[in-house]
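*Asks:* Chain by chain, the residues:
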Amino acid sequence: MTGSMIATQRSTVNSWECDRMGHLNVQFYLARWSDAIAHLGLKLGFQPSQARARRIALLAAEDRIQFKRELREGAITTIHACVRGISDRGLIVHGEMREGETGISSAAFDSIITCCDLDDDCEIPLPDEVRARAEAMAGACDLPPPMPPQGGPEAPAGVVAGMYETGRGAVNSWEIDWHGAMAPRFFMARCSDAAAHLMSGAGLDPHLMRDRNWGSAALDYRLTYLRRLRAGDAVVIKSGLLEIREKVWRFCHLMLDSATGEVVARAEIVALLFDLATRKSFPFPDDIRAKVESQILADPGRT
Amino acid sequence: MAALIESYRGAICAWECDFYGHLNVQFYVARLSDAASSLLVALGLGAASPRGGDLGFIAVNQTIDYKAELLAGDLVVMKSGVKTVGKKSITVFHKLLNAETGAISMTAQVTGVLMDLETRKAVTIPDEVRTKAERLLVQEIPA
Numbered sequence: 115m116t117g118s119m120i121a122t123q124r125s126t127v128n129s130w131e132c133d134r135m136g137h138l139n140v141q142f143y144l145a146r147w148s149d150a151i152a153h154l155g156l157k158l159g160f161q162p163s164q165a166r167a168r169r170i171a172l173l174a175a176e177d178r179i180q181f182k183r184e185l186r187e188g189a190i191t192t193i194h195a196c197v198r199g200i201s202d203r204g205l206i207v208h209g210e211m212r213e214g215e216t217g218i219s220s221a222a223f224d225s226i227i228t229c230c231d232l233d234d235d236c237e238i239p240l241p242d243e244v245r246a247r248a249e250a251m252a253g254a255c256d257l258p259p260p261m262p263p264q265g266g267p268e269a270p271a272g273v274v275a276g277m278y279e280t281g282r283g284a285v286n287s288w289e290i291d292w293h294g295a296m297a298p299r300f301f302m303a304r305c306s307d308a309a310a311h312l313m314s315g316a317g318l319d320p321h322l323m324r325d326r327n328w329g330s331a332a333l334d335y336r337l338t339y340l341r342r343l344r345a346g347d348a349v350v351i352k353s354g355l356l357e358i359r360e361k362v363w364r365f366c367h368l369m370l371d372s373a374t375g376e377v378v379a380r381a382e383i384v385a386l387l388f389d390l391a392t393r394k395s396f397p398f399p400d401d402i403r404a405k406v407e408s409q410i411l412a413d414p415g416r417t
Numbered sequence: 192m193a194a195l196i197e198s199y200r201g202a203i204c205a206w207e208c209d210f211y212g213h214l215n216v217q218f219y220v221a222r223l224s225d226a227a228s229s230l231l232v233a234l235g236l237g238a239a240s241p242r243g244g245d246l247g248f249i250a251v252n253q254t255i256d257y258k259a260e261l262l263a264g265d266l267v268v269m270k271s272g273v274k275t276v277g278k279k280s281i282t283v284f285h286k287l288l289n290a291e292t293g294a295i296s297m298t299a300q301v302t303g304v305l306m307d308l309e310t311r312k313a314v315t316i317p318d319e320v321r322t323k324a325e326r327l328l329v330q331e332i333p334a
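The listed protein sequences correspond, in order, to chains A and B.
Counting in the numbering used here, the first sequence runs without a single skipped number right up to 417 at its last residue.
Counting in the numbering used here, the second sequence runs without a single skipped number right up to 334 at its last residue.
Excised from the complex, chain A in its bound form (with noise of 0.2 Å):
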């Protein structure tokens, strides 16, 4: 479903881009969405020029992900995408990834887009111009449904008993954008390693992984962005089970500032289980099941 909507990226996936299950990692779909996001604004009127010379910028509240199809090396990548409405914090929008050569849909994104005040580190509202192209856009777009709720229990709101740490270290200079903040891949990728370290603690280890010739992928992200990173800044990750199904299990990540403990972003995230040589997900083993059901958070909620 992309007749209406709008070419905003076109790449090739590299191999320095795929993991150990031999695709396209989680990061790299994100890169290439933040891309995106930046040409629907242009399309919107949202210049790169005055953004600059104004100091505001368009930035992601929340990225929501379905990963449908993995991308292998040499893949063309495509994403077309649209504004869905408007809220009161800015843009609602959605994107569709296509493998270029087949058509194949590979992930589908919707966002919360809101504009900054780069100096003053606060939403603020849309230009005029761009709300009233985006009001235009959203009523000539055919896209489909909302993306529903990944149903189950939500991340908590801080950390609670359970949950452990993932991940620690410190915002580099490189990871930032034009905007002077972490861009969202770098948490996305910060994401994909707390992984491997959450995995390892629900007794799917590296080696335990490679014996069995199993890999993980993802299928669904849920990023919230809650405050914007400068270099340096000193941040740890600290992870929790949320729920086990049959072929699938969802956890969260929070990112904490390590100076204050404040949670600076969150991902909520649904995973499988794959058969590396067949790419078959199966039903968690009962004794991996056992191990993960004794970990999930007794009280997640978030209020």
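These are calculated hints, taken from the structure and not from any lab test.
In silico BS3-like links for lysine-lysine, alpha-carbon gap of 27 Å or less:
#1 B/323 - B/278
#2 A/157 - B/270
#3 B/258 - A/157
#4 B/279 - B/323
#5 B/323 - B/312
#6 B/323 - B/270
Put chain B on the given structure of chain A with help from the hints.
*Replies:* Structure of chain B alone, referenced to chain A:
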């Protein structure tokens, strides 16, 4: 004669910019490499095509003209076409545009030799690839 096809669309990231505050040359070349994949698809040699894993064009010469600098946050589009088709080689043309202004930021000509990826030797361009390449021929290098 064909129009140029879109072969890349993206944004300039701050970490790709250098001491001079603009896109470093290596990242122009990276985008040429990315754009080549879309041309390969147009030639029937994409990763999903039957011959995609057997044959590939390897770059043997690149000529690049940098015409206007790009800054972090700028949005770009690459358009590409075929300039000449030889027995074993092809020369393609790329034009990188600033999507906001339409200004040409870079033009490049890249000559590639078709290689058998098993033997690692240059081979004659098959007729079906040549036909597709000739459909992408651009009459003259656009300004």
